[in-house]
Every structure is written in structure tokens, then in C-alpha cells.
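With the hints as extra help, turn the sequences into a complete structure.
Residue numbers (our numbering): 1 to 522.
Take these hints with a grain of salt, some might be off.
Unchecked claim - Taking CB as the label site, the calculated pair distances span:
#1 Glu-488 - Asp-259: 44 to 52 Å
#2 Ser-414 - Arg-346: 19 to 27 Å
#3 Val-402 - Ala-44: 42 to 50 Å
#4 Ala-288 - Leu-111: 31 to 39 Å
Keep in mind that the hints were calculated from the coordinates and are not lab data. By construction, the Cβ of each residue, glycine as well, lies at the ideal position given by its N, Cα and C atoms.
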Amino acid sequence: MTTAPPPRPPIGQALPHPYATPPPLTRPAPQPSAWARRWPGPTAPARSRVLAATAVAAGTSASVVPLDRPGLGWLVAAVAGAAALGATVLTRPRPAARPGATGASGRVARLVWTLATVALVAVGTVRAAGWLFALCLVAAFGTAALAVAGGRTPLGLLSAGLLPPVAAVRALPWAARGLPRPRPGGPGVGRVLASLGVTVLLLLLFGLLFASADAVFADLVTGALPDVSPAGGTGWLGRALLAGAVLLGGAYLLAAPPDLELRAGPARAVRRLEWVLPLALLDLLFAAFVLVQLTVLFGGSGHVLRTAGLTYAEYARGGFWQLLAVSLLTLLVIAGAVRWAPRDGRTDRILIRVLIGGLALLSLVVVASALYRMRVYTDAYGATRLRLLVAVAELWLGLLFVLVGAATVRLRGSWLPRVALGAAVLALLGLALVDPDRLIAERNVERWQRTGRLDVTYLSGLSPDAVPALDRLPEPLRSCALWRIDAELPADGWRAANLGRAQARAVLAGDPATWPGTFACP
1 MTTAPPPRPP
11 IGQALPHPYA
21 TPPPLTRPAP
31 QPSAWARRWP
41 GPTAPARSRV
51 LAATAVAAGT
61 SASVVPLDRP
71 GLGWLVAAVA
81 GAAALGATVL
91 TRPRPAARPG
101 ATGASGRVAR
111 LVWTLATVAL
121 VAVGTVRAAG
131 WLFALCLVAA
141 FGTAALAVAG
151 GRTPLGLLSA
161 GLLPPVAAVR
171 ALPWAARGLP
181 RPRPGGPGVG
191 RVLASLGVTV
201 LLLLLFGLLF
211 ASADAVFADL
221 VTGALPDVSP
231 AGGTGWLGRA
241 LLAGAVLLGG
251 AYLLAAPPDL
261 ELRAGPARAV
271 RRLEWVLPLA
281 LLDLLFAAFV
291 LVQLTVLFGG
301 SGHVLRTAGL
311 TYAEYARGGF
321 WQLLAVSLLT
331 LLVIAGAVRW
341 APRDGRTDRI
351 LIRVLIGGLA
361 LLSLVVVASA
371 LYRMRVYTDA
381 YGATRLRLLV
391 AVAELWLGLL
401 FVLVGAATVR
411 LRGSWLPRVA
421 LGAAVLALLG
431 LALVDPDRLI
441 AERNVERWQR
451 TGRLDVTYLS
461 GLSPDAVPAL
471 DRLPEPLRSC
481 ALWRIDAELP
491 ADGWRAANLG
501 RAQARAVLAG
511 DPATWPGTFA
521 CP
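Here it is in C-alpha cells:
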């Protein structure tokens, strides 16, 4: 039986070659990276309202911020920036209308971090201490990053602090796509520029005429307008571009928040003996130290002199920094125990509560001992900024141990990182509330009244916040402590308006401090 030959192709069609090249294989589409999945960015271009609000806020910030001192302009810039970013939130669709969006809205948390940012920047309006305002600005950048990026876990909070610089770069093409395009029949770019030029010309013309007609109006205009010299214009442009980049990055993050629910991978649980033995022995060591501290606290300086052969101030100074290191290392030990200790069985959970909770409780006594030593040290050698800052840090560590104890009892600590950061912000705001430079001056004046010892050189380097306290000193100590502050106290315009400097001027206006001479000051 023979088979029929294959059908011939139609006339004009080439015969198939037995070794013809097969059709190309289609490659599967590349999968997006983990970075792209967690932060794809906004799909729609930037809205005109967002770009306009960002431009206005950037121009306002460049015009009002006094770079050389704390002042009201910083608060105005912070409020303008918050309002501009608020326009992004108001124009952003809700999560239900954004099927491809990542991250939770978290508007309450973002609002809290925004208010914290404004409060930190507002410190520059009431306190004149530059070092304090610098710390508040650094903290404000951190809280602002949390306000725009979010984050709840430790890795998420860390990532939130690193995203704004990246967002500022990624926001440039996003903003360029949102720039308005000229429409047929609409006003062209030339006409818009011509209109702006005519507006500026009219304002300058009539403003100069009014200023020449009234001296009070001239002073008002001079104080309100920024420097219009070439150097001033270049500086203004640089500040505006920097502020605009920061605000655009924040708007980019708010338009499509990243997914920052980052968690470390599951850790291999260790055996019970492997973590119970070191923690139990560490608890015993802490308990022995606490017993010694209780005898010192109740025994006083006489007990220290009999047992250690040191003065009470030397005893306090010798151990404070070691106790601070113990507090920090204890937090690391607790973090490691929480990560690697098993908690499946009831016995394991009880051991975690007893050992870690006991360690946190004993650590509170260590913190109290460190604070007590610092108080004794300050009474003996005087208060300084560093000693005050370290005392505030110890108070914050004590609060952390309380929070760790609460999390250990419930065996739930997902809230702990955010609350710890919030407590740090509150500690800094509390430090600003007590007016640290004035507090330092008051403590040193009280110490001089008790002992007759005073470090005038150090006190003369404090900020104008300390003037009301130093004004209590008799002459020539008063002039020795205040003459440098009086000589360097600048005149403030409305941008640099500051309550601390205003109070210092009011005190020194009635009785100025002059240099009393080299041999008059101790």
C-alpha cells in the first residue's frame, strides 16, 4: 500500500526547506525587582496643583529662612512645606481608587510626625541656642521622612530615613511629565513671561515711589524683601532649588507611598539552655550591682569614703560613663534574646517574661544610679551642655526599659520602635521646653552662691537664652559673663525674630555689659 504524496503548495509559493530556521522564541517578560515591587512610584504625572504648591513653598523657604541663626523664618518655611505636601495628600486618590498602590495610607501617623516636625522647627522661634536648634533640625528631618515615607518596623523606619534623597532624584522626570503643555489657541510661553515681567516692573515702580514717600513704609519694604544683589540672587536661587528638590521628593513619596513593611527573616530559635543560662547569670550580676548601689544611695558620702577611699564627686565621675555603656549594651542583649529565644511553649514564655522583664527592671536601677552620679558630679563641678544632654539621654533609656518591660509582659513589641522614636522626639522637645542654656546658667549661679566657684569663661559662651540668669550675678562677674553675649547679640528682622534674643535685649537694654578688663574677671 502506497501513501499519497504531500500536497504541493500553491503556484508562486516557495517550497519549505527541510532545514529552514524556526521562528524566534519569545522570551518571557522580565519580572520586576523587589525594589520596583515595593516602590513602583506614581503612574500618573505630577498634578499642576502639586507643582504650583511646591514652587510657592520653595520660593517662600528661600526668602524667609535665616541661615545664620534660629528665627521665625524657619517656622514659616516648615509650615509652607507642610501645606505644599498637604496638597499632594488631598489630590491623591484613596487606596480603593489605587489598585496598584503599595503601602497603607497611615494618615494619622503621618499627621503626628508632621506635627512633630513643625514643633521641632518651632524651637528656633523661642530658643536662641544654636546647638539646640541644630539638634532639633536633625530630628525634624527624620520625623519629616517618616511623615512622607511611613514605616512601622525597625527596617521600615530605617528605610524611611534613607528614601527622601532617592525620591528627590526620581521625582524629576515625574515632575517634568506634569508640566503644563502649551495648548493651541492658549497663551504661549512668551506671553506668560511678558505678563510676569510687566507685573514685576509695576510692583517695583510703585513700591519705590511709596518707599520714597514714607520712611516707615520704606523700612517695612526693606525688611520684607530679600537681598536683590547678584550674590543674594544666586544664594536665593540655590536655596530655592534645594528646597524644591526636597519638597518634590516628599510629594513623590506621598503620591505613591512605598511598601515599607520590611521584616527580618525568621531567626533560628536556640535551645532553652543556650539563652536561659547567660540571661539568668546576667540577672544575678545586675542584682548584685543593684544591692551595692542601694548601700551607696543610703550610705551617702561617708560610706564611699570608708569603702572606696574616694570623694563622692570622684566616685560619681568614675562610674557614670560605664553605667551609660551598660544601659546601651543591655538593650542589645534584650533585642538578641527576643529575636532568638523560642516562645512556642508555655515554659518558654514564662522564662522570657521573668528573665527579660527582670533584666529591664534591674536596668532601671542602673539608670537611676547613673542619673544620681551625674547630679552629684554636676553639683561638684558645675552644669554643662554635655552633662545635661547625657542626663536627658539616660532618662530616655530609662523610659525605653519601661517600654521593653511592658512589651515583654504582653510578648508583643511591634509598637516599640515607633514609640521609642516618639519618646526621643518628646525628650528633645522637653529639653527645649526647660530652656537648657538658661537652666545651666541658673545651676552654675546657685553653685557659686554655695561654694564661691564659677567658670565665667564657659558661661560667657552660652547663648542669649542664659542672659536672664546671668544677670543675677554681681559686678564684675556679671559683666565678665555677659559682655561677649552683649557684643555678639545681632539685630533681628522679622525673619530672625526670636523670643530668647528679644528677652536678652530687654535685660541688657537697661544695663549694658561692657568688658571690665582682663584682671577683673576670674
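### Query
For the pair Val-402 and Ala-44, does the Cβ-Cβ distance stay inside 42 to 50 Å?
holds (46 Å)
### Task
For Ala-288 and Leu-111, compare the CB-CB distance with the range 31 to 39 Å and indicate the outcome.
Given about 48 Å between the Cβ atoms, the range is violated.
### Message
Holds or violated: the 44 to 52 Å window for the beta-carbon distance between Glu-488 and Asp-259?
### Response
holds (50 Å)
### Query
Could one say that the CB atoms of Ser-414 and Arg-346 fall in the range 19 to 27 Å?
For Ser-414 and Arg-346 the Cβ distance comes to about 22 Å; the hint holds.
In terms of the numbered hints stated before, the structure departs from hint 4 and from no other.
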